[in-house]
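Q: So the chains spell out like this:
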Amino acid sequence: GEDVEQSLFLSVREGDSSVINCTYTDSSSTYLYWYKQEPGAGLQLLTYIFSNMDMKQDQRLTVLLNKKDKHLSLRIADTQTGDSAIYFCAESKRDNTDKLIFGTGTRLQVFP
Amino acid sequence: EPEVTQTPSHQVTQMGQEVILRCVPISNHLYFYWYRQILGQKVEFLVSFYNNEISEKSEIFDDQFSVERPDGSNFTLKIRSTKLEDSAMYFCASTGGLNTEAFFGQGTRLTVV
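For the protein sequence lines, the chains are A and B, in the order given.
The opening residue of the first sequence carries number 5 in my numbering; numbering runs sequentially from there.
The opening residue of the second sequence carries number -13 in my numbering; numbering runs sequentially from there.
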């Protein structure tokens, strides 16, 4: 089946690290993505990880993938108020369409 | 940087009317998608399009929906007879190939009244 779950809300203090978690059910997923959506805006790709990797770092962002537990996380170091947004994880499979299955989204609120 | 553009940004329509949402994918991309996000909910796949035909569609994409690539640059989503529950943000996306990054447009907010 295809189901991607996330916690709905996360609140952190500016300067702290944020960790947003995601679980997925389809073990055949090949790529896993993190998208950011600011209020009233579109979807911005933040980063992605291929399923044969277990970690990827890109500046303040660190993605961890645990394939055994089908768990994906996004860590944002030194969280800023501009990071306040909704974060969606998404998975895609190696099939003939490459459609994305999105999670429920986590609203990150950063307070000073 | 290349981008996917969508028009209009916001459309208000009366129930029962037809709407056409327009998208201009990135010029050398081959795979095109429509997604929908009802307010406060997750982003849902509607349809994928490749080589001038639908390659996959979801349960949401019923007979009221259709897609077209009329002129090699635009990619449109038509809803024939809109219902209140069609109110949502509609996102267009395109990719250059399978297992490559999907670029999303800024979305069209459709409000059916």
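Treat the hints as calculated values from the structure; they're not laboratory data.
It should be emphasised that the depicted structure is a prediction, and the values quoted were computed from it without experimental measurement.
Careful: at least some of the hints might be erroneous.
Facing chain B, according to a computed beta carbon distance under 7 angstroms, are these residues of chain A, among others [what the hints assert, rightly or not]:
no., residue
1, Pro43
2, Leu50
3, Asp102
4, Lys103
5, Thr108
Built from N, CA and C at the ideal position, the CB exists for glycine as well.
Q: Does each hint fit the structure? Answer for all of them.
A: Cross-check of the supplied hints:
Interface hint status for Pro43/A: violated, as the beta-carbon distance to the closest one in chain B is roughly 12 angstroms, over 7 angstroms. At a threshold of 7 angstroms, the smallest CB-CB gap from Leu50/A to chain B is about 11 angstroms, leaving the interface hint violated. Evaluation of the Asp102/A hint against chain B yields a held restraint, the C-beta minimum of about 5 angstroms falling below 7 angstroms. Interface restraint check for Lys103/A: the shortest CB-CB distance to chain B comes to about 5 angstroms, inside 7 angstroms, so the restraint holds.
Interface hint status for Thr108/A: upheld, as the beta-carbon distance to the closest one in chain B is roughly 5 angstroms, under 7 angstroms.
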